[in-house]
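Listed below, chain by chain, are the residues.
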Amino acid sequence: MYQRKAIHPLSQLMSPLTPATIDTLWDIFVAVGEQWSLTDEVTSYRLRFETFLENRIAISPVYRGYYVDGAVFVTDLVAELGRLPAYNRLFKQKPRVAPSGIPATRLEAAQRYLANEFIVLRLALGGFKSFGSINYRGYFGGANIEGEPTPYRERGK
Amino acid sequence: MKVGTVIIGSGVAATAVAQTLLKADSQASVLILEAGVRVKTKDYGLWEHYLLTRQAPYEQYTDLPYTTRDIKGENKIAGAADVTLNGARVFAYGGSTLHWGGWSFRLKPEDFYLKTNTGNGIDWPFDYDDLERFYCDAESHLAISGDSADPLLPRSRAYPFRKFPFTAMDGVIADAMEQANILYSHMPIARRGVPVHSSPAAPAQPGASTEPSRHAPCQTTGTCKYCPFGARYAACNYLDDLTEWNEWPGLSVRLGAVVDRIIIDRKRKVKGVTFWDRETGDLHDVEADRIIVAAGAIESAKLLLRSISTDWPSGLGNGYDLVGRYLVTHPYFIFETKFPANPKRLQAEMDFPTLVSRHFDSRAEQERGKFLLVAPPDAISFNLAEALQKGHSRQKVEELLVGDANRVRLHGMIEVFGQAGNRVKNILNDYNRIGLPMTQVEYTRDDRAFEERMAEVQSKVVPIFAAMGANLTEKPTISWRADHAASVCRMSKKETEGVVDADLRVHGIDNLYVISNAVFPNIGAVNPTLTLTALALRLGEHLSSGGGA
Amino acid sequence: MTDQEFEDKRRSLLVRLQLALELEWATLPPYLVALLSINRDVNREPAELIRSVAMEEMLHFALVANVMNAVGGNPVVGRANCPAYPLKMTFEGRPFADRTFPINLERFSKASMATFMKIEQPGPIAVDKALLNVVLDVPAPTIGEFYAEIIELLEELDTVRHGELFIGNQARQLGGDFFWGGGGALHLVTDLNSAKLALDTVVEQGEGAWPWSPERLAAAAGEPLEMGHYYRFSEIFFERHFSKHDDPGKPPTGAPMRVDYAAVSPIKQNARASDFPEGSRAAELNRIFNIRYTMMLRQLGQAINGTPDALYTAIMNGMHGMTSIARELMQTPMPGSTSGETACPTFEWVD
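Keeping their order, the protein sequence lines are chains G, Y and W. Under this note's numbering, the first residue of the first sequence is numbered 44, with each subsequent residue one higher. Under this note's numbering, the first residue of the second sequence is numbered 1398, with each subsequent residue one higher. Under this note's numbering, the first residue of the third sequence is numbered 511, with each subsequent residue one higher.
It should be emphasised that the hints constitute simulated quantities derived from the structure, not laboratory data. Errors might be hidden in some of the hints.
Which residues of chain W face chain Y? A partial, calculated answer using Cβ under 8 Å [as the list claims (entries may be wrong)]:
#, residue
1, R554
2, G691
3, M826
4, H830
With a straight-line cut-off of 35 Å between C-alpha atoms, the simulated DSBU-like cross-links for lysine-lysine are [claimed, not checked]:
#, chain 1, residue 1, chain 2, residue 2
5, Y, K1890, Y, K1473
6, G, K137, Y, K1741
7, G, K172, Y, K1439
8, Y, K1741, G, K200
9, W, K754, W, K620
10, Y, K1399, Y, K1891
11, Y, K1891, Y, K1505
12, G, K137, Y, K1622
13, Y, K1735, G, K172
14, G, K200, Y, K1787
15, Y, K1512, Y, K1890
16, W, K754, Y, K1420
17, Y, K1872, Y, K1741
18, Y, K1420, W, K760
19, Y, K1787, G, K48
20, Y, K1793, G, K200
21, G, K200, Y, K1439
22, G, K137, Y, K1793
23, Y, K1793, G, K172
24, Y, K1735, Y, K1793
25, Y, K1664, Y, K1891
26, G, K172, Y, K1622
27, G, K48, Y, K1420
28, G, K135, Y, K1622
29, W, K598, W, K760
30, G, K135, Y, K1735
31, G, K137, Y, K1872
32, Y, K1469, G, K48
Ideal Cβ placement from N, Cα and C applies to all residues, glycine included.
In isolation and in its complexed conformation, chain G is listed as follows (with noise of 0.2 Å):
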């Protein structure tokens, strides 16, 4: 049955992200494999990263705020400590006890709504391998065909 995408109506009336700043969140997201050494191929997932921007958007206009203003904070931060101080702060300076409600600062965005969500994605896109296992919720493993390899690990093999 067709079913309209689901888009908030602000989101329709918003212009796209620049290049600079889609640029900016991807190097944050780059950097969240550098952080944790991850060994996936980081450049394939580029197009899937920028659909990924274009519906958080789409579900809640807020995002696009907290994207440009993500971006502009870490590039000053990045500015202002050099690149890899500036991701430490961004990914490990972090509470004891995950934050709720209306960020306190522009780094507690920059860190919910950028870095978190970016860790998840990349995670599920295929950084998750880099722990040992072959499945991941949000990875798309496949199916459970005869004859095929089990699309998880297997009990046993």
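Chain G is fixed; fit chains Y and W onto it per the hints.
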């Protein structure tokens, strides 16, 4: 407006009945009335949102929690305070199959004879053998992947799709069960598979699916509760098939139609329903030759209770004060303890369980309460995304993965027996967000007896943990959420003992039927949906072959 | 065969396979536009038939990509070879002998069904090849001959240099996970036999007739009639189903099929983005459509160049997103039209 059949509800029961009626008579006049609205399924953006937040777009269509001192909620509970409705069911097009896990077990032969075997409750008015071929049809309808060679139950046809092999993580529990001499098997799961090729030289087993489908097979994506492929059966996706091309001219589906009451003609006959339209607030009457209530256990009972007349002052079919009574659900338990080191790096690779034990779902356990054990897909608790989001270093993440910081879990559910005093009622004039009258749940239990039983269960489960090198000492967490609410319009031979007969026709009324978990006299140790689907297909066949009104 | 000859022929093979890929790609927008223009209340059978053809064209695209990857090629999906409409299918600058007509993006109609029949028409057909090539002596091939030549090349190269042709990385191919809708299996291409099977499937699904001999009829008793795309479009055109006893060379004589050419969106034929005034709703919707179409194509290109997983996103996010907008566009009046025409997605690559 006048139609042949009104079906109240749009979940799997409604869909299976409607499909059967229409296949037998393409001109059949069928009106499906659903109180809820449509939830967008298979939307990629909503799927990504679910992946990130575990929030699904149907969650707003469940009951709110009970009111607490400070926060207004919905419904009322009297008695045991933890038979919760919040999250138990979904009021939307497609019903609770929007959120179900797809565990699709057949009841066992002894489940049909609870009274004979244990003195509890009443027997079903038919048994496993009578229902067996409908179980086969139901497994096809729901697109079940299962082990056709499982010796537990006799079956006349194969599952449509092959079983999912055990995962590496299952291996830990399977090995432990073997050591503890506990039998285990493959979870029969509603995940569409891939058809097999059949040729004269190598014919497929009868029942096995050989034809490709428009519906996609499971791609082991691991986001089952909002499957981007629609591989986990959700009734809305199949009702859509029926309505897509208007090829059944007599079929219509109306959403946002809240049925207030069934209109009674005379003692043995109902003649329609009154519903109000959510959009406009207007009340409408529909006349029908026959009414099928498929509104889920609790709402089906409540609808009968609030449909009154001089002949039925306590509600339709309620001449013996049984409607709404004998409420049961499955207490769902989780045993958990520390897991010793994880050198094999076992992590959750799937989102549905593949290993189950029906060892204690047996005649021997029936008197005390038979129970199911399930190895959850995340039996070992390590969560990779969380570990990274917490800001741990790679090294620390590795330690968390392979070290002894993880927990190991075993899930299960257990049968409890109905009591007359455990019931659901309407709270008239107080409406929930969907527009239906709120629910009053009255439930008490013998806490001591239940604790004793759970201690017995624990003693049987401890050896499994021990065989894994884990020491289970803590009591389980137990949820009494009403997902499997049942028996509130139970089936019986004698009208003094139940609400519907063996054909699901309400005792004392010629043209009113109930198809819901409500009709189960008891639910055994297993999820009810497969049996519900079998009963629905059976009802459809019965009505199509001239049985009943 | 010398090394140089082998390399030259291999390169020629890859050029032809790339064109085959583009031919499959090029049929999809016309079929999808026809399908989407159909009013959802009626025309169920024609719509299901067109849909089944479109699904199989996607399968063909994947099979051709697999063959190309199997022989070490790099399939190209890009701006430069994105089909534009009206489309003329050409090979080495000349129209295919059996494709001298243009293919349009247009609404479901008797004329478009006639065109679709011509696209899928099986050989041999009477074509006055001399008329097409008044300047050159070399005759242009038919589509069927074109595919036959590909198969001949594969046979030749594999025979002469067995083990040196099917050298591609199998991980680049699309396997059985990706196609479930019926109409044949998507399989990996590993050798000459599997390559021929893939290409035979493409040809057979386009033009194959049902088993008409009594023996084959008996063998297929009880099964639904399978027929190539040509015959499915014929059924729509003649508004009748074929029966098993029909002669495939003649029109169908089976059960009538309901077709209502009036129950369609009155979309503009071969619309281009430049047809929509700047700032109009149609222009805006079309822009979003083309952005999604381009992203889908880019992900598709990626999927057949080493990242098969990208196909999931291409289809589930791309196709479904495009369908939403296409329908909306087809309900949107063409600004300035006096004939009540509505807009249509233009399937253009946008950077």
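Status of the hints after comparison with the structure:
no. : hint                : in the structure
1   : R554                : holds (4 Å)
2   : G691                : holds (6 Å)
3   : M826                : holds (5 Å)
4   : H830                : holds (7 Å)
5   : Y:K1890 <-> Y:K1473 : holds (33 Å)
6   : G:K137 <-> Y:K1741  : holds (29 Å)
7   : G:K172 <-> Y:K1439  : holds (26 Å)
8   : Y:K1741 <-> G:K200  : holds (12 Å)
9   : W:K754 <-> W:K620   : holds (24 Å)
10  : Y:K1399 <-> Y:K1891 : holds (33 Å)
11  : Y:K1891 <-> Y:K1505 : holds (23 Å)
12  : G:K137 <-> Y:K1622  : holds (30 Å)
13  : Y:K1735 <-> G:K172  : holds (25 Å)
14  : G:K200 <-> Y:K1787  : holds (32 Å)
15  : Y:K1512 <-> Y:K1890 : holds (13 Å)
16  : W:K754 <-> Y:K1420  : holds (25 Å)
17  : Y:K1872 <-> Y:K1741 : holds (28 Å)
18  : Y:K1420 <-> W:K760  : holds (34 Å)
19  : Y:K1787 <-> G:K48   : holds (33 Å)
20  : Y:K1793 <-> G:K200  : holds (28 Å)
21  : G:K200 <-> Y:K1439  : holds (33 Å)
22  : G:K137 <-> Y:K1793  : holds (15 Å)
23  : Y:K1793 <-> G:K172  : holds (17 Å)
24  : Y:K1735 <-> Y:K1793 : holds (18 Å)
25  : Y:K1664 <-> Y:K1891 : holds (18 Å)
26  : G:K172 <-> Y:K1622  : holds (23 Å)
27  : G:K48 <-> Y:K1420   : holds (31 Å)
28  : G:K135 <-> Y:K1622  : holds (31 Å)
29  : W:K598 <-> W:K760   : holds (28 Å)
30  : G:K135 <-> Y:K1735  : holds (27 Å)
31  : G:K137 <-> Y:K1872  : holds (33 Å)
32  : Y:K1469 <-> G:K48   : holds (34 Å)
Every hint from the earlier list agrees with this structure, and none is contradicted.
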